[in-house]
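What follows is the residue order along each chain.
Number of protein chains: 2
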Amino acid sequence: MDHETYMKEALAEAKKAGEIGEVPIGAVIVKDGEVIGRGYNLRETGNDPTAHAEMIAIREAAAKTGSWRLNDCTLYVTLEPCPMCAGAIIQARIDTVVYGTEDPKAGCAGTLMNILQDGRFNHQTEMITGVMKEECSTILTSFFKELRRRKKEQKMQEKS
Amino acid sequence: MDHETYMKEALAEAKKAGEIGEVPIGAVIVKDGEVIGRGYNLRETGNDPTAHAEMIAIREAAAKTGSWRLNDCTLYVTLEPCPMCAGAIIQARIDTVVYGTEDPKAGCAGTLMNILQDGRFNHQTEMITGVMKEECSTILTSFFKELRRRKKEQKMQEKS
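Order-wise, the sequence lines are chains A and B.
At position 92 of the first sequence (counting the first as 1) the number is 92 in our numbering, and the numbers step up by one without a gap.
At position 80 of the second sequence (counting the first as 1) the number is 80 in our numbering, and the numbers step up by one without a gap.
Excised from the complex, chain A in its bound form (with noise of 0.2 Å):
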């Protein structure tokens, strides 16, 4: 499977994240070589703390094939997954998860913990890191430079 082609889709639904100021993250679930599943982050916009973007892809994915099982497929996302899309990830039974850049933050897939492969879950998938590494951390790093950049202005003119 070529990664690359699905973690520019995962990349696609991140950058419609930080056009409406949300974090940009995406995510994209992939059976058979088809996108069953999209998803970016919604958590201001939705006033939901469960909007992350492989949730919505999960949910998505799952209506779509009529099953909470999503054997058989693989999900793609621009940053390391948190403790609460690891723990749905592994409930999803997902075969395969990819990912772009570690979260040294909140990482549950390697960098804090391994929720994905701990053996004493009832499930693990096979994990793939690195994929367009420096596209999906740009991403993020350039959101939050321009956050920064617009909170120092706001606060300037607040003084002037």
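Some hints could be false.
Note that identical chains are pooled: a pair holds if it fits in a single copy or bridges any two copies.
[Stated by the list, open to error] Once the Cα atoms are required to be at most 30 Å apart in a straight line, the calculated DSS-like pairs of lysine-lysine come out as:
(1) K159 - K64
(2) K16 - K64
(3) K15 - K64
(4) K133 - K155
(5) K145 - K105
Hints are computed from structural coordinates only; laboratory data are not their basis.
Please read all numbers here as calculations on a predicted model, not as lab measurements.
Add chain B to chain A, keeping to what the hints say.
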């Protein structure tokens, strides 16, 4: 706060799940003495791997308050949260989690790990365990006992 009063509400939610053949787990979220979110396990009915009791209650409470931040809220759940739900609780910044009985297979609030109180994440919760433990445990064991009985009966009928 009278924890039993609210755990009874969570147990009433769990019962609703059991009545439609779902594993009987229930949750409520309480703010200033008022129940602002309710949920029971709907994984099979909704074909949704994320439709755990806690997730549904969290999404309802966030929709009701108009914010993804559920500070000053207490979540009551009959069974110890799994990694997904424990992660969602952290994401939602919930103050306190009260649960009835441990989950030896997937519990991530003290049994296999403790996602709720891991200092590496950006939020930790208070935790109270064992409230109405026997009732919360019995509703599950009775459900699985009945499930096994029915499966056995079905096999006997198929053979005859």
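Hint check:
1. K159 - K64: Intra 52 Å, inter 36 Å, cutoff 30 Å: neither.
2. K16 - K64: both (22 Å within a copy, 26 Å between copies)
3. K15 - K64: both (24 Å within a copy, 29 Å between copies)
4. K133 - K155: neither (33 Å within a copy, 52 Å between copies)
5. K145 - K105: within (17 Å within a copy, 42 Å between copies)
Hint check: violations occur at hints 1, 4; the rest are consistent with the structure.
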